[in-house]
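Undergrad: For the protein sequence lines, the chains are R and H, in the order given. Everything in the first sequence is counted per the working numbering, starting at 212 for the first residue and increasing by one. Everything in the second sequence is counted per the working numbering, starting at 10 for the first residue and increasing by one.
Some hints could be false.
Said to hold, decoys possible - Chain R residues, not near chain H, derived (Cβ > 10 Å throughout):
| no. | residue |
| --- | --- |
| 1 | Trp-220 |
| 2 | Gly-232 |
| 3 | Gly-239 |
| 4 | Asp-245 |
| 5 | Asp-255 |
| 6 | Arg-259 |
| 7 | Gln-261 |
| 8 | Tyr-308 |
What the hints assert, rightly or not - DSSO-like mimics (lysine-lysine), calculated; alpha carbons at most 27 Å apart, straight line:
| no. | chain 1 | residue 1 | chain 2 | residue 2 |
| --- | --- | --- | --- | --- |
| 9 | H | Lys-296 | H | Lys-73 |
| 10 | H | Lys-215 | H | Lys-145 |
| 11 | R | Lys-292 | H | Lys-258 |
| 12 | R | Lys-236 | H | Lys-320 |
| 13 | H | Lys-147 | H | Lys-290 |
| 14 | H | Lys-54 | H | Lys-147 |
| 15 | H | Lys-320 | H | Lys-290 |
| 16 | H | Lys-64 | H | Lys-320 |
| 17 | H | Lys-320 | H | Lys-256 |
| 18 | H | Lys-54 | R | Lys-236 |
| 19 | H | Lys-54 | H | Lys-258 |
| 20 | H | Lys-64 | H | Lys-215 |
| 21 | H | Lys-145 | H | Lys-288 |
| 22 | H | Lys-73 | H | Lys-136 |
| 23 | H | Lys-320 | H | Lys-136 |
| 24 | R | Lys-230 | H | Lys-349 |
| 25 | H | Lys-60 | R | Lys-236 |
| 26 | R | Lys-236 | H | Lys-147 |
No lab work stands behind these hints, which were simulated from the structure alone. The C-beta atom is built at its ideal place from N, Cα and C for all residues, glycine as well.
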Amino acid sequence: MSNTNENNWPLWEVFIQSKRGLDHKHVGSLHAADAQMAIENARDVYTRRQEGQSIWVVPAAAISASQPDDAAMLFDPADDKTYRHPTFYIMPEGAKYI
Amino acid sequence: MNSPGLFFVHYLMIINERPTAYPIFANIKTVAMEDLKLEELFQAKVDAELKIEPKDWMPEKYRKTLIRQISQHAHSEVVGMLPEGNWITRAPSLRRKAILLAKVQDEAGHGLYLYSACETLGATREKTVEDLNSGKAKYSSIFNYPTLTWADIGAVGWLVDGAAIMNQVMLCRTSYGPYARAMVRICKEESFHQRQGYEIMSVLAKGTPEQKEMAQDSLNRWWWPSLMMFGPSDANSTNSADSMKWKIKRQSNDELRQTFIDRTVQQAEILGLTIPDAKLKWNEDTKHYEWGDIDWAEFNNVVAGNGPCNKERLVARNKAHDEGAWVREAAMAYAGKQAKRKAA
Ligand SMILES: [Fe+2]
Numbered sequence: 212m213s214n215t216n217e218n219n220w221p222l223w224e225v226f227i228q229s230k231r232g233l234d235h236k237h238v239g240s241l242h243a244a245d246a247q248m249a250i251e252n253a254r255d256v257y258t259r260r261q262e263g264q265s266i267w268v269v270p271a272a273a274i275s276a277s278q279p280d281d282a283a284m285l286f287d288p289a290d291d292k293t294y295r296h297p298t299f300y301i302m303p304e305g306a307k308y309i
Numbered sequence: 010m011n012s013p014g015l016f017f018v019h020y021l022m023i024i025n026e027r028p029t030a031y032p033i034f035a036n037i038k039t040v041a042m043e044d045l046k047l048e049e050l051f052q053a054k055v056d057a058e059l060k061i062e063p064k065d066w067m068p069e070k071y072r073k074t075l076i077r078q079i080s081q082h083a084h085s086e087v088v089g090m091l092p093e094g095n096w097i098t099r100a101p102s103l104r105r106k107a108i109l110l111a112k113v114q115d116e117a118g119h120g121l122y123l124y125s126a127c128e129t130l131g132a133t134r135e136k137t138v139e140d141l142n143s144g145k146a147k148y149s150s151i152f153n154y155p156t157l158t159w160a161d162i163g164a165v166g167w168l169v170d171g172a173a174i175m176n177q178v179m180l181c182r183t184s185y186g187p188y189a190r191a192m193v194r195i196c197k198e199e200s201f202h203q204r205q206g207y208e209i210m211s212v213l214a215k216g217t218p219e220q221k222e223m224a225q226d227s228l229n230r231w232w233w234p235s236l237m238m239f240g241p242s243d244a245n246s247t248n249s250a251d252s253m254k255w256k257i258k259r260q261s262n263d264e265l266r267q268t269f270i271d272r273t274v275q276q277a278e279i280l281g282l283t284i285p286d287a288k289l290k291w292n293e294d295t296k297h298y299e300w301g302d303i304d305w306a307e308f309n310n311v312v313a314g315n316g317p318c319n320k321e322r323l324v325a326r327n328k329a330h331d332e333g334a335w336v337r338e339a340a341m342a343y344a345g346k347q348a349k350r351k352a353a
């Protein structure tokens, strides 16, 4: 068996748009030799029941992700800024369409 | 020792009994305390029903348990294609053939969802597949039984997929995010599998006496192995306590088995078929069925590799893998060439 590392197909992350107008959503991953094969495999693996009408594939190695340990540093600053939400503001009684 | 807090205190007591004069022990102590703190945080997340995601800290045993369970699950989907594939060319009609092809293709998909969930835990695909092919890894022992007649395709869908669904519905709420998401996807597809099997059984059961006989014979052979799919009884189940604490599973083997029996007996009655268990009876007090003794010696024997088809299954998997090697190589060579051409 000549299964050296170079012959192992790389990993791709798959994103499917279920309907026109919606976001592409991450659905999982698969192995494929190249992008074209990754799209074809994604069709067979993730859209056997009309789950999608558009596919994105991205080499898993090309994705950079934030670390769980950094979550506080990244996201806490938004905690005390409730004035970024419309419900923060007090509207005068009786005002319409606002 | 149920709550992480108690565990923490208990562990500290053990550590404090040790001599602290050696610097190496002091070192172990800090590492252990760090781990305990992380473990407490981890358990708090699990208790709060927050999913654990790939980059989160997790106890090594949680990771190992998941890798073992998810890969076994994936292998079961893949090996499960073999007994059903056996009947694709002999399906009795074009309708049945198309259905069976679609079902087998779904099983391949299920295997792939699960393999990719397994990879998020740091297990490489090659190693996972190698463990199956070398016989090191296990898969559900049910697939070591042969599909002798067309009715077996009905029984497999109805009983084997039916039993699998019980387990899989529970796993949709498992604590590890990628596993839970794979299970949600699988469950959506799985109910067609069970229904097509039950339909096959119902057509046969309503057919000629020979056809009904064939359906009954198939139920006779698949009933007990299907009950074994839930694993050893709770009293003898070794991994359960941790799995429950970590919410990998939420119901015990016996609970799942009970629900399966309660549901399936009624379905057999509709078909006019008899469950091959003389001790089966309704208990009015518990509102559950009582059932006879499972032959655990048979189960252990099949798990140990001595079932009717264990060897055949592994030979088939290895053959497919080896004969596909040139395709994998050629695809990589082609991809490499294309990439070079593009760069030039
Ligand atoms: Fe499946």
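Undergrad: Take the hints in turn and mark each one as holding or not.
TA: So, going through the hints one by one against the coordinates:
no., hint, result
1, Trp-220, "violated, 7 Å"
2, Gly-232, "holds, 23 Å"
3, Gly-239, "violated, 5 Å"
4, Asp-245, "violated, 4 Å"
5, Asp-255, "violated, 8 Å"
6, Arg-259, "violated, 7 Å"
7, Gln-261, "holds, 12 Å"
8, Tyr-308, "holds, 40 Å"
9, H:Lys-296 with H:Lys-73, "violated, 38 Å"
10, H:Lys-215 with H:Lys-145, "violated, 44 Å"
11, R:Lys-292 with H:Lys-258, "violated, 39 Å"
12, R:Lys-236 with H:Lys-320, "violated, 41 Å"
13, H:Lys-147 with H:Lys-290, "violated, 34 Å"
14, H:Lys-54 with H:Lys-147, "violated, 30 Å"
15, H:Lys-320 with H:Lys-290, "violated, 37 Å"
16, H:Lys-64 with H:Lys-320, "violated, 38 Å"
17, H:Lys-320 with H:Lys-256, "violated, 35 Å"
18, H:Lys-54 with R:Lys-236, "holds, 25 Å"
19, H:Lys-54 with H:Lys-258, "holds, 16 Å"
20, H:Lys-64 with H:Lys-215, "violated, 54 Å"
21, H:Lys-145 with H:Lys-288, "violated, 37 Å"
22, H:Lys-73 with H:Lys-136, "holds, 14 Å"
23, H:Lys-320 with H:Lys-136, "holds, 21 Å"
24, R:Lys-230 with H:Lys-349, "violated, 35 Å"
25, H:Lys-60 with R:Lys-236, "holds, 19 Å"
26, R:Lys-236 with H:Lys-147, "violated, 33 Å"
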